[in-house]
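K.L.:
Protein chains in written order, with the numbering used here: chain A, 20 to 712; chain B, 20 to 712.
What the hints contain is simulated information worked out from the structure, not anything from laboratory work.
The reader is advised that the hints may include incorrect statements.
Repeated chains share a single entry, so a pair holds when one copy, or any two copies, can fit it.
[As the list claims (entries may be wrong)] Heads up, simulated BS3-like pairs for lysine-lysine below, C-alpha to C-alpha not over 25 Å straight-line:
1. 379 to 668
2. 379 to 574
3. 379 to 586
4. 597 to 379
Number of protein chains: 2
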Amino acid sequence: MQISTQMIQVFAILVSALALGVAFWLYTWVKSQPSSNARIAEIGEYIREGANTFLRREYTVLAKFTLIAAAVFLVLLPHPIWKGNVMANVSMAISYIFGTVLSALAGKIGIQVATIANVKAAEAAQKGVKPSFMAGFRGGAVMGMAVVGTSLLGVVLVLMLTGDASSVLGFSFGASSLALFAKAGGGIFTKTADVSADLVGKVDMGMEEDDPRNPAVIADNVGDNVGDVAGMGADLFDSNVAAMSAALVMATSLGGLAGMNVIMVFAYAALGLLASIIGVATARIGKHGDPNKALNSSTYVTTAVYAALTALATALFNFEWRIWGATAVGLLVGTVIGITSDYFTNDNKPPVQYCAESSKSGPAFTILTGFSYGLLSSLPALIGIAVTALVSYYICAPLGAGYGMFGISMSALGMLAIVGMIISNDAYGPIVDNARGLAEMGGLGENVIAITDELDSAGNTVKAVTKGFSISAAGLTVIALLGAFASEVNTAAAELNLPGIEHFDIMNPTVFFGLIVGVAIPAVFSAMLMLGVDRNAQRMVSEIHRQFDTIPGLKEGREGVKPDYDKCIDIATTGSIKELIPAGVVAIFSTVIVGFVGGVNAIGGFLTGNIASGLLLALLMSNAGGLWDNAKKYVEAGNCGGKGSVAHKAAVVGDTVGDPFKDTAGPSINTQITVVSLVSSLLSTLFLQFSIF
Amino acid sequence: MQISTQMIQVFAILVSALALGVAFWLYTWVKSQPSSNARIAEIGEYIREGANTFLRREYTVLAKFTLIAAAVFLVLLPHPIWKGNVMANVSMAISYIFGTVLSALAGKIGIQVATIANVKAAEAAQKGVKPSFMAGFRGGAVMGMAVVGTSLLGVVLVLMLTGDASSVLGFSFGASSLALFAKAGGGIFTKTADVSADLVGKVDMGMEEDDPRNPAVIADNVGDNVGDVAGMGADLFDSNVAAMSAALVMATSLGGLAGMNVIMVFAYAALGLLASIIGVATARIGKHGDPNKALNSSTYVTTAVYAALTALATALFNFEWRIWGATAVGLLVGTVIGITSDYFTNDNKPPVQYCAESSKSGPAFTILTGFSYGLLSSLPALIGIAVTALVSYYICAPLGAGYGMFGISMSALGMLAIVGMIISNDAYGPIVDNARGLAEMGGLGENVIAITDELDSAGNTVKAVTKGFSISAAGLTVIALLGAFASEVNTAAAELNLPGIEHFDIMNPTVFFGLIVGVAIPAVFSAMLMLGVDRNAQRMVSEIHRQFDTIPGLKEGREGVKPDYDKCIDIATTGSIKELIPAGVVAIFSTVIVGFVGGVNAIGGFLTGNIASGLLLALLMSNAGGLWDNAKKYVEAGNCGGKGSVAHKAAVVGDTVGDPFKDTAGPSINTQITVVSLVSSLLSTLFLQFSIF
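The following block holds chain A by itself, in its conformation from the complex (with noise of 0.2 Å):
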């Protein structure tokens, strides 16, 4: 069957459009779930506004910081504009403000539902897991059709009015430099906010999670909010955006717009959701089901019916079989990886017990034998994607010259094919951790409680399993981007009447030096995401001690004497947004640099050594994390001396350290390689005509 770019792009309108009316409908759902406790609709109410105070006033400073940007654009990009032709910078620019209000959209859309439907969740816990569980589930799902959908409108809508692949990577820019400050500044933001409230509440004064006398509470909870679900929406969004840009570029340049690469780029991606709705659609769980396995199951549906899809439609137009062996292996791998993180990450499993165990001897073992199998699970990850690079570029190459570098970028659509499945998984996490904590709060009572438990540690461990796919996805996305800069660096070589690369050799010593310097930018970038959340907890911790001094009868949980909660949450808000500017600010500034000063070459290098060490640590401090976090939740169940023993306040230091590592700089280094990766190739023409080296 014939098929063209046109009759595919409205196939692709329709299926984004298909997932936008599902959220629509979602969203509907879970607003009309009943609610009726007082106290947790207040509470809810200061959620919401912690959450959206924040947004605004993260946004105010993106958006200046974006007018910035795109008035460098219009200037310089894609062509210095007394050279070039005015339009194609307008385009560029106006597709660069394209992705970053997409991305501000999709922050937005997740903390408008996720607000609403923890509320739902707490409310519904009440009646049992199952509802508990379709609230909180639905509520997630509607990110993740929102993310998705948007996201692949987007880049159709530029594509087409464009007709340009380097607009694409403009827009996708957007999206990256948009999800690095808010992955940033919500990262910040939350385990600011987490970290003190468990230091204080939990450690010093021996409360519960969620004491309502913790002044730093309701900031936790909007930490959740605008960390794990306005954050973690950008990231993703951003890397489904880089991973559709780096394949359509590279497609465009092997057979031109029309050609069957690009049909197949959308094709794939527009079946991937179409797939994910159909997970969103079936997931169930019975009347006492096991939230887990609901999950997982609506992940095994969702990437059977990928698999499925691809492959008649693979059949149906005859596209190219080795490319959609390279999506199968990308989807294949993505899901190994994932069970290797939860193999590190499980508290039923070894390394988290041996470091539950080795608490006993304290806090220095905690963080020894966690960072110390951190390390470990990146060697099974790293593997992962090095076979699919491996694998898929040679299924691929035999199609002809540049094919392999297009199937390492069609393993990585593969693997995030199912990203609206993930999205889903993982903004059901934050909702229902946050209904745990309005259960609390609103005295909901034992039972309720132990449901919303039930329910949040489902979320943790489906939190690892996406995570390990996310990361191997950016890993391979870069990847690919690396291919995607050097397609764009020859054809403006060929422009300029310029030499351009053949290869990235790393015995040249501008390519070896820019690999050097790239290796400390991931080390330099996460460091200072972590300092910030230092220093703002310190301010924090302060702050919710001269509380409990200060406000009598809040210690005791006088009757009627609450805490100043807006107080804790001005410190996280001021503090993170002071942060989030100057890590983002070197990552983008140090390719400048390394460009300036070693040209394509270096930049070549700079890259592969951004990817090095980024994988390298995103990995070590998300799995980490999470098998801190678990270690200390199997201290808490009973075991190791349980609750209050040396292992426990261990474990507590343990998941302490863990926090900014698997939720603040970890997941933030995805988005920083991918800036980095499309900054070097939007200057690639730049630097291909001024550099010292």
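Assemble the complex: chain A is given as a structure, and chain B must be docked to it using the hints.
P.N.:
Same frame as chain A, but now just chain B:
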């Protein structure tokens, strides 16, 4: 003036002999220092015995390993024995064994003198700073002279006798593989003992460092010798040999054995040793002088003398000034990197003070800030390495094809030129650390302990600087070894009529495959070592508790009651010998697997991945470890609440985590990446012929 390879080899032999003579003279001097205190002599004897027992058991295991490896060499390298020249295989196997023997000897000499010098330094401290410093420094200098003398002598002899640069690689691999196990084994031993002694003694029982009631106290002092002296000696022996080997392989391929390049390598290496001899000879300290200044000034003397001597030789013998320039760049940047490491680990500087300040909020903040600064500290060092590689390449590239890479190898040699001085300073540290312990256990009183404390603290500061130096030099050496690998492959390819390597293209999928897998290896290696320390320390902690619980009067320090020191030494010995083989085997076998899967291209990527993550982790771990150590000392000096405060307890946790970071895993990574590089070069012929991809 004309000079031949023979002449320069004779000169190198003479300088080596001079160094060994100086070592012997210093050894006699140290031995002749007065000692009279029976208690100190007794404890000193304990330490010596413990160290020798460990060394004997370790070397027994390693001898078996060496013989097996030598048998493999005999059969397979440089060519399978059924295909090639039998004599070449014999000479390779003998060179390998020779390398292991000399490396082991370096460790043995170090232990021999260090376990005498510690006693002498302790006793001399009764007379003041000056005599005690001289005993410690000259004891360290024996090690410095012996290690560098034997390494230069070994390389010259191997090259003279075999006339083949590949055999030098075999010799170097012998040195490295022994160093790998010795560092790993010694590192696990020393930190097992240190961590356990601190945890039970200081934290649980509130005892001082080196309290003789602590059953692990002798093991701790033994550890200083087997880890810091013997392990470090083997390590720097290996770095020095590896740097010379890389330079020699490239020099030979550029102009044959009789060429000017080979002459320059020997000339510069020999002059570096000569400069170190002069530096050692001029080391002086006033009666109430500052040991810190004394150590630094002798380092600067050595540096200046080296620069002057090599400039003179270059002028006299018409060496290439460009190559001299590369060496000078290495030396200069090495010094700068040393200074930046000092910034991150010195307690007069903000990072350490901020970490101590954060410790007031608990151990999680100690860990987070120290870890973050550790990540940040990688930036200046990595930029330094990158700039050195770039500049030295471009300085030498105009001399002809292949000279750029040769320039990098000469900059590594320049950075390591003053290695004799570095080892002297490094070995000084554990000697005076032991002297402090002996003064405490021998009851020499507060004043004497204060003097040894001052000497010890100078040792710690210098250590941070020399570590930055040696990690960076190892980084450059392995970059040079990558060049050596390529030149080995091309020589073999020419013989076999196979296509050689023109470049390692990052976008080649096998290169990329190797690179991504390579990133994981240093992570896995260091995780295995740290888990080894962790497992071992837990065993020892139980043993210490057992002794305190079951030996009546031990806790109270009743007259005549002694702990069972031997049992702790035995646990550390048995444990570390069990743990030392697997980590080393992982490093070697992963190289073999990647080589046979992906061929020489994958190995090029694999080495690069190892360098990238190895340098990052080594810098992170060494500097974070040093920072935590000094933050603890800063708090103990009365800041942030002083001893016994919350900050102090938190800082102790940081120090305990930092111990295996900086003394087990961090410094072993150097050796690990060197071993991987050498295995690659040695097996290059096989990888070229037999691989899946």
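K.L.:
Each of the hints needs a verdict: does it hold here or not?
P.N.:
Hint check results:
no.: 1; hint: 379 to 668; result: both (9 Å within a copy, 16 Å between copies)
no.: 2; hint: 379 to 574; result: between (30 Å within a copy, 22 Å between copies)
no.: 3; hint: 379 to 586; result: between (37 Å within a copy, 22 Å between copies)
no.: 4; hint: 597 to 379; result: between (39 Å within a copy, 24 Å between copies)
When the structure is compared with the earlier hints, no violation turns up for any of them.
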